[in-house]
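Protein chains: 2
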Amino acid sequence: MLRLLLFLLLLSVPGALPAPPRHRRGAAPPTAPYLTRYLTQQIDHFGFDENLTFQQRYLVADQHWNKDNGPILFYTGNEGDITWFCNNTGFMWDVAEELNAMLVFAEHRYYGESLPFGNESFSDSKHLNYLTSEQALADFAVLIEYLKTTIAGARYSPVIAIGGSYGGMLAAWFRMKYPHVVVGALAASAPIWQFGDLVPCGAYFSIVTNDFKKSGTGCSESIRNSWNAINHLSSTDAGLQWLSSAFRLCSPLKNLQDAAILKNWLSETWVNLAMVNYPYKADFLQPLPAWPVQEVCKFLKDPSLSDKLLLQNVFQAVNLYYNYSGEASCLDMSETATKNLGQLGWYYQACTEMVMPMCTDGVNDMFEPQKWDFDALSEECYRLWGVRPRPSWVLSMYGGKNISSYSNIVFSNGGLDPWSAGGVTQNITDSLVAIVIPDGAHHLDLRSHNPLDPKSVQQARALEISYMKQWIEKARHSY
Amino acid sequence: MLRLLLFLLLLSVPGALPAPPRHRRGAAPPTAPYLTRYLTQQIDHFGFDENLTFQQRYLVADQHWNKDNGPILFYTGNEGDITWFCNNTGFMWDVAEELNAMLVFAEHRYYGESLPFGNESFSDSKHLNYLTSEQALADFAVLIEYLKTTIAGARYSPVIAIGGSYGGMLAAWFRMKYPHVVVGALAASAPIWQFGDLVPCGAYFSIVTNDFKKSGTGCSESIRNSWNAINHLSSTDAGLQWLSSAFRLCSPLKNLQDAAILKNWLSETWVNLAMVNYPYKADFLQPLPAWPVQEVCKFLKDPSLSDKLLLQNVFQAVNLYYNYSGEASCLDMSETATKNLGQLGWYYQACTEMVMPMCTDGVNDMFEPQKWDFDALSEECYRLWGVRPRPSWVLSMYGGKNISSYSNIVFSNGGLDPWSAGGVTQNITDSLVAIVIPDGAHHLDLRSHNPLDPKSVQQARALEISYMKQWIEKARHSY
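So the protein lines, in turn, are chains A and B. Quick note on the numbering used here: the first sequence kicks off at 1 and runs consecutively. Quick note on the numbering used here: the second sequence kicks off at 1 and runs consecutively.
In case anyone wonders, no lab produced these hints; they're calculated from the structure. Computed from a predicted model, the values in this text were never measured in an experiment. Treat each hint with caution, since some may be false.
The list makes no distinction among identical chains, and a pair is therefore deemed to hold if it is satisfied within one copy or across any two copies.
Unchecked claim - Quick list of in silico lysine to any residue cross-link-like pairs, SDA-like style, CA-CA up to 20 angstroms: (1) Lys-281 <-> Leu-320; (2) Lys-401 <-> Tyr-156; (3) Lys-148 <-> Ser-404; (4) Lys-474 <-> Asp-430; (5) Lys-401 <-> His-477; (6) Lys-148 <-> Val-318; (7) Lys-67 <-> Ala-462; (8) Lys-401 <-> Leu-39.
Let the sequences and hints guide you as you build the complete structure.
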């Protein structure tokens with residue numbers, strides 16, 4: 001139970017680690033067929049003592065590819081099963097024909113099937129040692145070199161990196177570190193500046209709050225008031241029992257620690273809702289209606305209600321997120337924290353390289369105040385994994401805000417997406433370009449086109465395509 | 001003895017590994033005083049399981065530095081004691097005042113005093129695991145970040161990477177991988193293309209041969225004929241005895257294996273002479289007269305002499321290299337192969353990342369024909385270090401010839417320098433510039449100015465300075 005608590009702390013308490021986009025349910029059916037392939041990769045690209053290899057999975061779709069060195073759109077897989085990203089990145093499928101492009105989706109090591117040590121991959125810090133962004137980028141570089149030398153007609157194919165969220169960070173970093181491999185990158189909702197003190201630690205949760213504030217009168221205030229209501233009730237056994245029943249929890253709350261888990265779980269729910277606040281019915285993290293934050297806010301109009309009435313409304317709200325299908329007999333707070341191997345990997349990454357400072361103050365946001373506490377994170381990470389985070393390394397490696405000497409990266413961010421807080425939202429140079437999609441949530445632009453798409457995302461995609469065409473055109477002329 | 005033979009094979013037989021520039025003698029006195037400093041560095045930047053640190057040595061000279069964010073010239077230390085590079089890179093000392101620059105010389109891990117595991121650093125492949133160019137570049141990036149945040153007035157100092165030979169490769173790669181850390185790089189005599197099949201494997205030894213051919217009638221032919229002469233003599237005990245005495249060897253030759261060592265040692269000597277064929281008396285690898293290849297060739301005018309007369313002349317020639325001071329009572333073939341820790345490190349690097357194919361055919365060069373034999377190298381490396389070389393990795397990592405998307409690197413090469421075979425000798429773009437110094441040997445441009453400097457190296461240095469000024473100026477405007 002202590003371990004579980006720590007997981008939840010890592011998962012969503014602002015003072016610890018933010019929740020990465022997570023992938024709970026089965027993937028949607030693929031837009032088009034693809035082939036599943038595997039490449040033998042070094043487990044350690046950066047050292048020679050460990051000479052073992054593993055099988056990296058990747059997916060290929062070449063239906064629309066111009067076999068005379070047509071372009072390759074290369075998805076830089078992030079923290080999850082690559083088939084899920086493949087099926088949730090409709091934009092690539094949508095543009096393949098127009099660009100006569102081959103699609104390649106590369107799985108990130110330690111996720112999905114690409115486990116360096118099989119079932120032992122997460123067993124200890126020794127086995128986890130090769131889970132870093134640098135090793136993942138090296139996998140991508142080696143894979144592309146392999147594709148270019150083994151696929152007839154691909155030798156001079158210009159390759160464009162595409163990714164969303166952490167995958168977007170990887171796409172940007174890939175172009176930065178391996179410009180000889182990819183001619184450009186589309187980094188969607190990539191919070192490459194959510195590190196060190198590059199952005200205020202509270203910006204992320206204040207964007208979440210704004211989404212709720214704009215989506216209904218009384219909404220963010222209701223949520224802000226809910227924490228004290230829970231605190232009041234959880235101080236007595238009868239209150240804990242009432243909470244367990246009101247939230248239809250599969251496992252009843254037994255003590256204050258459990259109540260803290262409840263609050264973390266609720267916080268995470270609000271954050272996730274903000275991320276997937278799409279303009280149409282979708283099934284990204286959960287099956288949800290169009291503009292789900294507005295739907296949720298319909299339950300949260302009156303922040304001045306008594307504790308129990310307020311929390312009954314909060315239940316209605318989260319029930320919409322967890323039980324839109326109406327099939328759940330109870331709500332399981334631990335479900336999201338333990339089932340997905342991908343999450344395990346991300347916790348490790350957040351405990352090593354990906355140290356993203358987050359905080360709340362309860363004033364500019366609707367959450368309980370919590371300072372960024374690096375020391376607490378470090379202790380948790382040491383206890384969990386036997387490793388210490390190195391918060392400055394990612395800045396030394398990838399340059400922080402001083403990236404103007406890099407080129408050919410489009411950073412897209414949604415105005416509704418909390419991750420835009422750490423994103424590049426203003427042009428840096430002519431070839432480091434920011435696209436802001438005011439009505440967009442988390443990498444909306446990477447999703448399939450939809451009749452309900454706002455104008456802003458349509459324009460963003462058109463601009464992204466025009467940049468990709470420019471990069472491809474320029475690459476052609478250099479051969 | 002078997003082990004020694006392997007070392008020698010690694011050291012200079014064309015089919016195995018070329019000799020890196022080596023540093024036998026004490027360094028010349030410093031041009032100006034410097035401070036010696038140490039920075040605590042992670043032993044493993046790319047993994048979190050090994051959390052130990054080591055002390056990286058670096059030298060600082062700020063006599064001429066403009067303390068209001070004046071530039072920093074940063075020597076990217078290569079395979080040896082950093083004080084030796086500091087004292088043999090007079091160019092940096094010469095330009096410090098003109099540029100109001102601080103000089104920093106950073107020692108490469110596993111060389112000099114910067115030993116991650118002290119005396120254990122070379123004990124096995126586990127301890128050697130962190131000896132890679134990527135780790136070294138990471139050390140440099142972390143060091144520069146540290147300097148900028150701790151030295152008052154250095155926060156916005158533009159930093160220029162400078163290095164020669166492997167250090168030049170590191171300077172170029174540093175700019176390529178960390179353009180947010182250095183605004184440009186001067187890569188002197190940096191054979192960044194001596195990998196894979198980027199250049200013909202025989203080019204290196206054919207340049208050595210040309211140097212000798214141009215330096216005296218009959219010179220390269222005499223050397224070409226010397227191998228058979230040795231082969232003839234070493235087939236009998238009397239011949240071995242004669243060779244031992246004629247070459248005044250400290251340890252007499254006992255068998256054919258020893259005769260092979262003699263030939264390797266001679267080959268290495270010719271290669272080294274070509275590298276240090278400077279226009280003035282110098283003491284780089286050995287104390288030598290001006291244009292030492294010409295001096296040596298004075299002994300090697302008649303290739304048609306009988307075996308013994310020919311080899312007596314060859315002895316005179318190598319004696320000039322090893323015993324210009326006249327102090328040696330005998331010549332020690334094993335000296336250079338075992339005494340220098342730096343060499344040990346380079347052998348490991350040549351057995352892992354730095355796989356530089358070399359070959360000879362005896363026609364386009366004056367050496368015994370020897371094919372490039374990767375498998376033999378791999379076996380030797382495995383026997384010596386328990387590691388296997390990965391020849392394609394350096395190409396995936398640093399881009400091979402496909403580097404046009406990088407910027408602000410000056411590649412200088414000497415026409416007399418065998419390493420120019422793998423160097424960038426033609427402009428790639430406006431900001432990836434090649435400077436060729438026809439009369440230059442190995443990174444002559446990095447040496448102190450000298451009254452006997454040929455015009456070509458004077459012009460090269462002037463051009464290098466003008467590029468550095470451009471980079472500095474441009475960096476100023478970006479703040």
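* Of the numbered hints stated previously, which ones are contradicted by the structure, given in increasing order? -> 6, 7 and 8
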